[in-house]
Each structure stands twice: as C-alpha cells, then as structure tokens.
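Peer 1: Protein chains in written order, with our numbering: chain A, 10 to 312; chain B, 27 to 271.
In short, the hints are calculated from the structure, not lab data.
Cβ coordinates follow ideal geometry from the N, Cα and C atoms, glycine included.
Worth double-checking, as some hints may not be accurate.
What the hints assert, rightly or not - Sample of chain B residues facing chain A (criterion: CB under 10 Å; computed from the structure):
hint	residue
1	Arg112
2	Arg118
3	Ile119
4	Arg188
Unchecked claim - Computed footprint of chain A on chain B; a stretch qualifies when at least three of its residues, placed anywhere within it, have a C-beta under 8 Å from a C-beta of chain A:
hint	region
5	151 to 159
6	211 to 219
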Amino acid sequence: MADKALVRWGIAVVAIAVLAAVPLMVSAYTVSLFISMLAYISLATAWAFFSGRTRYISLATAAFVGIGTYTVAVLSDHLPLPVVLAIAPAVGFAIAFGIGLSTLRLSGVYFVIFTFGLAELIKQLVIWFEINQTKTLARYIFVNASGTLIYELLLATAVVVIAGVWWLSRAPLGYALRVIGEDEMVARHAGIDTTRVKVLVFAATSAVMSLVGAILSLRYTYVDPNIGFNSLVSFQVLIMALLGGIGRPWGPALGAIPLVLLFELLSGTFPHHFGIALGLCFVVIVYYLPGGVMGLVDRWREW
Amino acid sequence: MTDTSPLLAIRGLHKSFGGLQAVRAFDLDVTPGAIVGLIGPNGSGKTTVLNLVTGEIAADGGSVRLAGQEMIGLPAFRICRARIARTFQLVRILPGMTTRENVLVGRLFGAAPVALEPARRDVDALLHRVGLAERAEQPGAQLTYIDQKRVELARALATQPRVLLLDEWLAGLNPSELQIGIALIRQVRSEGITVVMIEHVMEAIRALCDHVVVMSAGALIAAGAPDAVLRDPEVARVYLGDDDA
Numbered sequence: 010m011a012d013k014a015l016v017r018w019g020i021a022v023v024a025i026a027v028l029a030a031v032p033l034m035v036s037a038y039t040v041s042l043f044i045s046m047l048a049y050i051s052l053a054t055a056w057a058f059f060s061g062r063t064r065y066i067s068l069a070t071a072a073f074v075g076i077g078t079y080t081v082a083v084l085s086d087h088l089p090l091p092v093v094l095a096i097a098p099a100v101g102f103a104i105a106f107g108i109g110l111s112t113l114r115l116s117g118v119y120f121v122i123f124t125f126g127l128a129e130l131i132k133q134l135v136i137w138f139e140i141n142q143t144k145t146l147a148r149y150i151f152v153n154a155s156g157t158l159i160y161e162l163l164l165a166t167a168v169v170v171i172a173g174v175w176w177l178s179r180a181p182l183g184y185a186l187r188v189i190g191e192d193e194m195v196a197r198h199a200g201i202d203t204t205r206v207k208v209l210v211f212a213a214t215s216a217v218m219s220l221v222g223a224i225l226s227l228r229y230t231y232v233d234p235n236i237g238f239n240s241l242v243s244f245q246v247l248i249m250a251l252l253g254g255i256g257r258p259w260g261p262a263l264g265a266i267p268l269v270l271l272f273e274l275l276s277g278t279f280p281h282h283f284g285i286a287l288g289l290c291f292v293v294i295v296y297y298l299p300g301g302v303m304g305l306v307d308r309w310r311e312w
Numbered sequence: 027m028t029d030t031s032p033l034l035a036i037r038g039l040h041k042s043f044g045g046l047q048a049v050r051a052f053d054l055d056v057t058p059g060a061i062v063g064l065i066g067p068n069g070s071g072k073t074t075v076l077n078l079v080t081g082e083i084a085a086d087g088g089s090v091r092l093a094g095q096e097m098i099g100l101p102a103f104r105i106c107r108a109r110i111a112r113t114f115q116l117v118r119i120l121p122g123m124t125t126r127e128n129v130l131v132g133r134l135f136g137a138a139p140v141a142l143e144p145a146r147r148d149v150d151a152l153l154h155r156v157g158l159a160e161r162a163e164q165p166g167a168q169l170t171y172i173d174q175k176r177v178e179l180a181r182a183l184a185t186q187p188r189v190l191l192l193d194e195w196l197a198g199l200n201p202s203e204l205q206i207g208i209a210l211i212r213q214v215r216s217e218g219i220t221v222v223m224i225e226h227v228m229e230a231i232r233a234l235c236d237h238v239v240v241m242s243a244g245a246l247i248a249a250g251a252p253d254a255v256l257r258d259p260e261v262a263r264v265y266l267g268d269d270d271a
C-alpha cells in the first residue's frame with residue numbers, strides 16, 4: 010500500500026518535471042497550445058470542484074477570468090508583475106465572495122441564469138466605465154513575458170489546483186460539497202454551515218479563475234471587454250468538465266485536453282463555422298456521455 | 027412529570043403563510059427522556075412546528091428553548107449542533123451516496139464533530155445499532171423503504187442529539203416493520219434521547235408515548251396521556267373521525 014503510494018508520488022513528480030521541460034523541447038506554437046490546455050485544465054478543475062459537486066451550475070467563469078485579465082491590464086503599468094498576479098485572485102475572491110453571499114440562496118435554474126446575467130453585467134459595466142471614464146474601449150498590456158514564463162506559471166497553477174482538489178476531495182469539505190449537491194436540506198439539518206461552505210468555495214474557485222485570466226492576459230498585447238469577458242469561455246469550461254466527468258479530481262483535466270485540441274482544430278479549419286461545431290460538441294457530449302469520460306472508464310472496468 | 031424542568035420549552039410559537047395561520051400560540055413542554063406524540067389531521071401545522079423548531083423556516087413570534095438556550099433565530103445547522111435532530115416527512119436519502127456516507131454527514135458536522143477516521147468508526151457502530159451493518163456500502167438509491175428510514179434515523183442520531191424530532195417516521199411501514207420501528211424508537215429513548223414524534227399510527231402512539239398533544243388548524247386543542255387524549259370527544263371530532271378506535 011505504502012509502496013503503491015510512493016510509486017504514484019514518483020510518477021507525479023516525474024510527470025511534472027517532464028511537463029516543466031516541455032518548452033525547451035517543442036516549437037512556440039506547441040507551447041501556446043499547451044498554454045491553452047493548462048489554462049483550461051485549471052479552469053475546468055476549479056469549476057467542477059464547486060459547480061460539479063454542489064450542482065450550483067455557474068456560468069460566471071468568463072466574468073472571473075475577465076476580472077483577472079483586467080486586473081493585469083489596469084495595474085501592470087504601475088506595479089511589478091508578481092504583485093499584480095497576487096492581486097488578481099484576491100480581486101476575484103472578493104467579488105465572488107460578495108456575489109456568493111447574495112446569490113447562493115438561489116437554487117437550480119435561477120442560479121444558472123443569475124450567473125450568466127452577472128457575467129454579462131460585469132462586462133457591460135466595464136464597457137460603460139471604459140467609454141465614459143477612461144474614454145477608450147481597449148487597453149494595451151505591455152508586460153515582457155515569454156511564452157515559457159506563461160507556460161510555467163500555468164503549469165504551477167494547474168499542479169496546485171489539481172493537488173488541492175485531490176486533497177480536499179478526501180477531506181470533510183469535499184464531502185460536504187457533495188452532500189449539499191445531493192440534498193441541501195439534509196446538509197443543513199445534519200450540521201453543515203451550507204452558506205459558509207458554498208460562499209468560501211465559490212470564492213476560492215473564482216480566485217483560481219481570476220489568476221488564470223491574469224496569467225493568460227500576458228499573452229495579449231491588446232485587450233477589450235469582448236476579449237476579456239468572452240462568455241463562450243463559461244460554456245467551454247462547463248462542457249470540458251462534463252466531458253471529463255465531475256465526480257473525480259482528474260476528470261475535468263481529462264476533458265479539457267481533448268477539447269482544447271478539438272477547438273483549436275475547428276477554429277483553424279472552420280473559422281467561420283466554429284460556433285456550429287461547438288454547439289454540436291455540446292449536444293453530443295451531453296447526449297452520449299452523461300457520466301463523462303471517467304464514467305466511461307468506470308463502465309469499462311465493470312465489464 | 028411536572029416537577030422536572032422541561033428540556034424543550036416552546037412558548038407562543040407563531041407562523042403565518044400569507045393569510046393562513048399555520049401555527050398560532052403553540053406551547054409545549056417536553057421533559058427529559060420523554061416520548062411526546064404530536065398528532066392532528068393533515069394541514070394542522072405539525073410539520074410547520076417541526077420546521078420552526080429546527081430552523082428550516084423562520085418563526086413570526088414565540089420562543090423555543092433547549093435547556094434554556096433560545097433556538098429561534100438560529101440557522102438550521104446551529105440548531106442541529108445545539109443537539110436537536112430531525113427526520114423528514116418524505117424520506118430524504120442522498121441517492122448517489124452509500125449508506126455509510128448518508129450517515130457520516132451527521133457525525134462530521136453535527137454536535138461534537140470528530141475527524142474522518144473516528145467518524146467512520148462511530149458511523150459503522152451506529153449502522154450496526156439500527157440494523158444497517160450489511161448495507162454500509164450500498165448506494166442510498168438502492169435501499170428498501172424501511173432501510174431508508176433507518177438511514178434517516180441513523181443520520182439524525184449521528185449528530186448526537188438530546189432531542190430527536192421524528193416526522194411520521196413510522197408511516198408506510200408494514201406491520202412487521204412497524205414493530206421493528208417501534209423497538210428502535212424505544213431503544214433511542216433508553217439511550218437517554220428525548221423524542222418528539224409526529225405520527226398518525228395510533229398503535230405506535232399508544233405503545234410509545236408518555237404524553238400526546240393534538241393540533242388542529244394551527245393550535246393545540248388537547249394534551250395529556252395517550253389513552254385520555256384519544257378518548258377526548260373533541261379530538262375524535264377533528265382528527266379521528268370514525269376511521270380509528
């Protein structure tokens with residue numbers, strides 16, 4: 010048993026070391042593809058830890074990614090990069106905390122609609138502010154960050170997020186989230202402080218999204234609200250988590266990798282029909298793989 | 027009975043839903059170690075009382091004290107941790123979780139919670155007590171009705187209650203299951219837990235309760251020993267009608 014655990018740790022360490030060395034071995038294009046994968050792995054894993062377990066389906070991922078992006082766009086001229094990258098998740102956490110307190114009393118479809126509306130509202134507020142206050146609709150990001158730096162930052166984020174989710178899944182907190190998802194009334198009457206658990210985990214996973222948005226923004230030289238707050242991101246993250254399966258710590262990551270590759274292929278091959286292809290993916294995944302890839306693996310094992 | 031100070035004291039409890047007074051001026055004293063039956067026709071406000079006491083809905087007025095500590099105004103999880111546990115009128119099983127996981131929540135988050143490993147051990151002992159030891163790994167969705175009832179009881183007991191509120195916990199059981207259920211409630215009381223049970227099964231009320239209170243249209247209309255209360259013509263009129271003797 011201990012040997013098995015040791016082997017697993019060994020494999021994980023070697024895998025992380027190999028992944029860290031990837032930028033030394035591959036082309037700039039491949040690095041950028043890996044950057045997208047790592048970003049979506051963190052986003053889908055964080056999303057699934059809250060929304061997958063509690064079944065409070067959030068469509069606000071784009072809002073928190075955008076908050077991270079805009080934190081960099083606004084502050085990067087004035088503060089050193091590490092400071093900006095520390096502030097971004099803090100801003101995401103604070104905003105999600107406030108939103109969580111006021112909205113996590115909503116349940117079911119109301120929460121879904123609210124989060125979607127919220128993401129749109131934040132985007133429109135930023136547009137309004139930029140037009141009326143700063144008299145500009147776009148910002149330039151002048152940060153000297155190489156693809157390798159962005160890659161390593163996102164790799165570190167993904168490792169911490171997956172390890173954190175893996176660890177919390179086995180802890181009372183991860184279990185409490187599942188109980189809330191199964192029956193919130195039971196959770197309340199069995200002693201779970203459901204409001205606190207939901208708000209803190211929603212805020213913490215939103216902070217991860219803002220951090221990813223902040224790191225990703227270093228790729229851009231130019232950002233406007235439609236790029237920063239792209240609502241498609243919310244749906245892509247959701248479908249990745251569904252494809253991978255939300256019941257396991259690794260599931261969302263396994264969903265993110267093939268879909269990033271697929272979206273890359275589709276947007277390269279059919280740039281004008283990308284939306285149609287994306288819609289078809291949604292339909293097929295939801296229809297044929299309700300348990301996700303991990304559910305499929307379980308079914309194979311049972312055979 | 028009157029010389030013991032009540033463990034649970036409800037005074038002037040009020041709740042309206044729109045124009046409907048679901049519970050009005052409701053008083054109840056429950057002495058430690060008692061089994062109190064709360065009966066009355068459907069819609070008389072019994073479950074509302076239970077929801078008010080456990081913080082599921084907010085009271086419009088009144089007081090609920092457990093050993094002197096006010097419960098009104100506390101959120102449900104705090105009332106649970108203050109050692110008032112409940113079951114639900116319609117059984118609430120966590121279908122995607124095993125029997126053990128269904129019960130574990132109470133031990134991990136109820137009163138005097140412990141860490142995961144000791145909690146699992148305590149839960150397994152509890153499952154043994156209620157007759158679910160062999161079902162520990164079975165998914166909640168696959169349990170039979172009586173076993174689902176057992177899970178709810180075990181989950182409530184796992185929170186370490188002083189007062190256990192049962193909402194028609196014996197409803198829908200067949201005659202032999204009913205005897206098992208009655209024996210389980212007796213066992214709970216023998217462990218020092220005070221029980222308040224909403225129930226329609228008169229056989230169980232006669233077998234278990236020291237004291238019965240009757241509600242009609244949100245108010246308490248009779249209280250006393252089961253046999254005396256069930257003979258009261260007013261109780262017979264509002265509740266028993268002619269379908270029970």
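Peer 1: A separate judgement is required for each hint: does it hold in the structure or not?
Peer 2: So, going through the hints one by one against the coordinates:
1. Nearest Cβ of chain A to the Cβ of B/Arg112: about 6 Å, under the 10 Å cut. The hint holds.
2. Proximity of B/Arg118 to chain A holds as hinted, the smallest CB-CB distance being about 5 Å (cut-off 10 Å).
3. Interface restraint check for B/Ile119: the shortest CB-CB distance to chain A comes to about 8 Å, inside 10 Å, so the restraint holds.
4. The closest approach between the C-beta of B/Arg188 and any C-beta of chain A is roughly 14 Å, which is over the 10 Å cut-off, so the hint fails.
5. Only residues whose beta carbon comes within less than 8 Å of a beta carbon in chain A count, and the region 151 to 159 of chain B has 0; fewer than three means the coverage is violated.
6. For the region 211 to 219 of chain B, the proposed coverage by chain A is not satisfied: 0 residues have a C-beta within less than 8 Å of a C-beta in that chain, short of the threshold of three.
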